[in-house]
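All chains, full assembly: derive it from the sequences and hints.
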Amino acid sequence: MTAYRSILLVVLGLAALPLAAPALVGAGIFAGANTLYNLMVFVLIIALAAQGWNLAGGYGGQFSFGHAAFFGTGAYAQAILQTRYGINPWAALVAAVALGALVGAVIGFLAFRARLRGSYFALVTLAFAEVFRILANAAPITGGAAGTLVPLDVRWANLQFASREAFYYLALAFVALVLLLNRLVERSRFGTYLVAVRENEDAARALGVDTLQVKLKAITLSAAITALAGALYTQKFLYVDANIAYGAWISIEALLAPIVGGIGTVFGPLVGALTLIGLGEAAKVAIHALFGSAIPGVDLVVYGVLLILVIAFAPRGVIGLLDRRAR
Amino acid sequence: MTATDGFSRRHLLATGAAGAMVLSAPGLVRAQAAPVKLGILQPVTGNLAQDGEYGRIGAEAAINEINQAGGIKSLGGARIEMVFGDARSNPEAGTQEVERMHAEGVAAVVGGFASPICLAASQAASRYDLPYVVDVGVSDQIVSRGLKNTFRFGPGFGTCTRVAIENLVKLNDAAGKPAKTVVLVHEDGLFGTGLAKLMNERLSALGFQILETIAHPTPARDMSNVALRIRALNPDLVIPSSYYGEFVLLARTMQQQRIRPKGIYAVLNGAASNFRFVKEFPDAALNVMDCNHWADPRKPKTAELRRQVEATGRFWLYNVPLNYSAVKLTADAIERAGSRDRVKIIEALAASTFSDHIMPYGPTKFENGQNMGAAPVNTQVQGGDIKVIFPDAFADAKPVFPVVG
Numbered sequence: 001m002t003a004y005r006s007i008l009l010v011v012l013g014l015a016a017l018p019l020a021a022p023a024l025v026g027a028g029i030f031a032g033a034n035t036l037y038n039l040m041v042f043v044l045i046i047a048l049a050a051q052g053w054n055l056a057g058g059y060g061g062q063f064s065f066g067h068a069a070f071f072g073t074g075a076y077a078q079a080i081l082q083t084r085y086g087i088n089p090w091a092a093l094v095a096a097v098a099l100g101a102l103v104g105a106v107i108g109f110l111a112f113r114a115r116l117r118g119s120y121f122a123l124v125t126l127a128f129a130e131v132f133r134i135l136a137n138a139a140p141i142t143g144g145a146a147g148t149l150v151p152l153d154v155r156w157a158n159l160q161f162a163s164r165e166a167f168y169y170l171a172l173a174f175v176a177l178v179l180l181l182n183r184l185v186e187r188s189r190f191g192t193y194l195v196a197v198r199e200n201e202d203a204a205r206a207l208g209v210d211t212l213q214v215k216l217k218a219i220t221l222s223a224a225i226t227a228l229a230g231a232l233y234t235q236k237f238l239y240v241d242a243n244i245a246y247g248a249w250i251s252i253e254a255l256l257a258p259i260v261g262g263i264g265t266v267f268g269p270l271v272g273a274l275t276l277i278g279l280g281e282a283a284k285v286a287i288h289a290l291f292g293s294a295i296p297g298v299d300l301v302v303y304g305v306l307l308i309l310v311i312a313f314a315p316r317g318v319i320g321l322l323d324r325r326a327r
Numbered sequence: 001m002t003a004t005d006g007f008s009r010r011h012l013l014a015t016g017a018a019g020a021m022v023l024s025a026p027g028l029v030r031a032q033a034a035p036v037k038l039g040i041l042q043p044v045t046g047n048l049a050q051d052g053e054y055g056r057i058g059a060e061a062a063i064n065e066i067n068q069a070g071g072i073k074s075l076g077g078a079r080i081e082m083v084f085g086d087a088r089s090n091p092e093a094g095t096q097e098v099e100r101m102h103a104e105g106v107a108a109v110v111g112g113f114a115s116p117i118c119l120a121a122s123q124a125a126s127r128y129d130l131p132y133v134v135d136v137g138v139s140d141q142i143v144s145r146g147l148k149n150t151f152r153f154g155p156g157f158g159t160c161t162r163v164a165i166e167n168l169v170k171l172n173d174a175a176g177k178p179a180k181t182v183v184l185v186h187e188d189g190l191f192g193t194g195l196a197k198l199m200n201e202r203l204s205a206l207g208f209q210i211l212e213t214i215a216h217p218t219p220a221r222d223m224s225n226v227a228l229r230i231r232a233l234n235p236d237l238v239i240p241s242s243y244y245g246e247f248v249l250l251a252r253t254m255q256q257q258r259i260r261p262k263g264i265y266a267v268l269n270g271a272a273s274n275f276r277f278v279k280e281f282p283d284a285a286l287n288v289m290d291c292n293h294w295a296d297p298r299k300p301k302t303a304e305l306r307r308q309v310e311a312t313g314r315f316w317l318y319n320v321p322l323n324y325s326a327v328k329l330t331a332d333a334i335e336r337a338g339s340r341d342r343v344k345i346i347e348a349l350a351a352s353t354f355s356d357h358i359m360p361y362g363p364t365k366f367e368n369g370q371n372m373g374a375a376p377v378n379t380q381v382q383g384g385d386i387k388v389i390f391p392d393a394f395a396d397a398k399p400v401f402p403v404v405g
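These protein sequence lines map, in sequence, to chains G and A. The first sequence begins at 1 in this note's numbering and counts up by one. The second sequence begins at 1 in this note's numbering and counts up by one.
Calculated from the structure, these hints are not laboratory results. All of these numbers come straight from a predicted model, not from anything done at the bench. We put the beta carbon where it would ideally sit given N, CA and C, even for glycine. Errors might be hidden in some of the hints.
Claimed, not checked - So, partial list: chain G residues that the calculated Cβ filter (under 10 Å) puts toward chain A:
hint	residue
1	Ala27
2	Ala31
3	Gly32
4	Asn34
5	Asn38
6	Ala138
7	Gly143
Rendered as structure tokens:
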């Protein structure tokens, strides 16, 4: 049970964050409790997208540069199903995840059937995401370049909450669920096959692993999780356009977070998202305290330098660094 | 005993007087009024950094001016304190800054620049009844959501395209209808795509022949294919709708290749009414027309602000007067509300008839948050300067059209 106890501890720790809010506000790190929740919701959405990436990329070794294709599908499905077809947002959330999974399965099928590996797979996913971006920018159903706006109507039934805290807990619940799912996968036969495929695909096939099926399963699940992140993004910001949904930024965030946090680990994506966005915000606060707001962009430089340091001195991510310390 | 009595009475009086003075002193300080915080949201990092920086310059100029003139008088001369937020060219950072501004107790927020940032940030502000004044964001969705807190001082997309087409027809008719064929060049985002679609429908109905509609991405590193296509089609008129870099590339390539249509008529273009383009590439910019935001050249304040900006070695971009005016509009609303109460400021904004701005709009009049008087103007690059050619009421030059016989 120790494998699950760590998940419980981390989730409880995050759930107790509101208790720390007054102290953080008092210390001048955050201007208000809602500023903290707003930031944390974004961190959790990125963490979720990264958890999706980590399943196929971290455990399965299928490095995708185009998880925006899944994120965007989830985001657009969530927005379009509500605004054009009047479907309840909770139901739309389920449909968005299913659609994301479908897109994952199709892209996976096309790419894996063609035996694309490594950089070739990465480039194909990148191309898919870009094609989706261009299509979404032109198609009338997505609102074209003007994007799709979800009307503000704060009700529980509408998946819009008056308090920032409620959305934080919702996002946290999903992240917790995926943490659990990751652990289950890790300890299952499927997870072992997946790692075998990552380590040596030919050897795995020689041992009788149906590599195509394993990789397909992984990318479908991965896409579903990332689509969930996209759908949550839509509910949080109530607006999507092609560059937000299918832009390269989310593909990069989704793969950078596990790389920084610890690739192929349960907590890697979450730790990575916290570190990346946390570092950016911390740099911003520190620069603001030291120089006032007079030098915009300096925080991004500091963030870049810190990122290089993390990569240089923690090649197995922050989790790897912590592991080494523990030993 | 009596002595003690007397002493104690005198002592009591003295203490009382001293106490009263001590108590009243902070009251006196308070009467000189705590500053009113005003949130200025601009993308000063990322790919919109140039626009954000100029928006900030405009907002800062207005705040300094108001403070030098004695602050908000109805609040006892309270100074305006700027709470600046960097939207980092994306909507998430925009909302995060609005959350911070709310927590720091701003009375209102001005800015946003890009439509996605304005949409997300004004929505976040609406949760706190925080007044939000959009400076540029042209998407008409911004003012169609029924948000009580959101006001747009400048014109929206619909107004801009309508005016652009009206003035194009006027221009062409006045010159004896020399332009019959058109090539549309547009970037594939919100401005360009929507504009090209509208232009396609409307211009065809008005008797123009659209030879081709060419889309290009932003950023684009090379526009020579587009230029060669234009040469092959040989249109009378080129209508480009692109951001700064792409239009500069296109105009330079067309100049190098000696492609000379009868006119280049840009709409909401990032470069055609930008002094940087005019100064750096005077030959390519010559006679380029644009329909865009522009300050009113008749107002003395316009020239003064322009001198002030150019004295610091910067260019005169429309972001400066738009933000300058939007901040003054907001300050006027706070003045009339006579309160830091956000709901009262929203009411004051909704009832605003502010006219001390430097845009060519007349007194403001908000309907569902949109300033109904807001409109773009037509400019043309002539003799190294940007002149206004429409509307006639304050044009300072006659249009040069057609450019070649």
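Going down the list of hints, with the structure as the test:
1. Ala27: For G/Ala27, the interface hint is violated, since the closest Cβ of chain A sits about 14 Å away, which is over 10 Å.
2. Ala31: Status holds, d = 3 Å.
3. Gly32: holds, 3 Å
4. Asn34: At about 5 Å, which falls below the 10 Å cut-off, the nearest Cβ of chain A leaves the hint on G/Asn34 intact, so it holds.
5. Asn38: holds, 4 Å
6. Ala138: holds, 7 Å
7. Gly143: OK, holds: G/Gly143 within 10 Å of chain A, min 9 Å.
The structure is inconsistent with hint 1 alone, although it conforms to all the rest.
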